[in-house]
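One rule links them: number in the numbering used here = place in the sequence shown (from 1) + 837.
It cannot be assumed that every hint is accurate.
Simulated restraints on C-beta separations [said to hold, decoys possible]:
hint : residue 1 : residue 2 : range
1    : E898      : R969      : 46 to 56 Å
2    : G1114     : D1059     : 51 to 61 Å
3    : Q1073     : L921      : 52 to 62 Å
Hints in this document: simulated from the structure, not taken from any laboratory. Glycine included, every Cβ here is placed at the ideal spot set by N, Cα and C.
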Amino acid sequence: MKNLKLGVKLTCGFVLVALITLAVGIIGWRGIDTLDGHLTEVGEVRLPSIERLLETELIMEEIMLVHRTMMTERINLEQRQLYLTELNESWQKLDQTWARFMELPATAEEDRLSSEFERQLADWRRLDEQWRQHNQRFEALDILDPGELVSSLQRFRGDHYAVQLNVANLIMSDHTMQGGNDPTTCNFGRWLANYSTQNPDIRRLLTDVRASHDRFHHVVVDIRKAMQANNRADAQRLFTDVMQPAAEQTFNIFYQMIEVAGQADTMRDDMTAMVLGPMYTEAREAMGVLEELIHINEGIASNAVAQARTDAIRAEIMAASGAVLGVILALGLGFILTRIITRPIIKGVAFAEGIAEGDLSQQLDIDQKD
C-alpha cells in the first residue's frame, strides 16, 4: 500500500468501513424480513383461518340447535316460521364464512380436507332439505302437538263414560245426579268452543261429532224426567236406544281424530329420528374435519412462532457478531491507516530536523507516490 496515494488509502478505508456497515445492515434486514414472514403467516393466514373455522363450527351448532328446537311440541306455528327464517340465515352465514376461509392460502393437506368437508356439508344439506320437506307436510296437518290432542280426547272419552255411569246409577239405584245435560259445559264442549285447526280431516270430524255429542247430553234431561215420573222402563229405553248409540258415535269420531293425530305424531317421530340420527352423524363428521383443519392451522402457527423465535435469536447473534467484527475491523483498519499515514510524516519531520541541525548526509527513506 506504500505506493498508493493518501486519498486512495483513505477512500479504501472508508469503503471497507461502509462494506462492514452494509454487511451488518443486511444481516439485520434479513432477520427482520424473516420475522415479518413468520408474523404474516401467523397473523394474516393461520389466525384468520382458525377464527373462520371456529365460526363455521359455531354456525353448524346453531343449525343443529334449530333442528332440535323445532322438534318440541311447545312452539306454535308462528314461532316455527321464525325458527325456519333463522335456519335459512344460518345456512347463508355458513356459506359466507366458509367462502372467506377458502380465500386464504392453504397447504395441500388443507385443500384435501376442505374438499372432504364440502362433500360432507353437501350431504348434510341434502338431509336438511329432506327434513324441511317432512316439516312442511307436518305443519300442513296443523297438529303441532299430537300427543296433547290424543291425551285430551282420551280424557273427554273418560268424562263421557263417567256421565254414562252416573245415568246408569240413577236408573238402577235412584242415585241423585247433577249436571251432564249441557253439551257446552263438559270438558269437550268447552274445548270445542276454543279449539281451532286448519286440518281438513279434524275440521270435518269436529263438525260430525256435534250431533251425536249434543244428543248424548240432551237425552240426560229426558232420562231424568222419566225417573222423576217413576217410569224406569222408559228411562232404560232412552239409555239403551239413545245415549249408548250417541256415545258410541261420539267415541268413534274421537278414535278417528286420534288416528289423524297419530299420523302427525308418526311424522314428528320420523323428523326427530332424522335430526338425532343421520343429520347429527353427518354434522359431527363434518365438524371432525373442521377440527382437523383447526389442528393443522394451530400446528403451523405454533411452528411459525417457534421458528420466528429461533430466527430472532439467530439474527441477534449474527447482528451482534457482525457489529463486534465491524468494530474490530474498523479499529484495525484505523490503526493500519494511521501508521501508513503518520509513519512517512514522522520520517519527514525527523529528516527536516536533521537538515535544520546541519546534517546534510541524511537520506529520506520514503518510497511512495504521495
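Contradicted hints - numbers only: Of the numbered hints given earlier, the structure breaks just one, which is hint 1.
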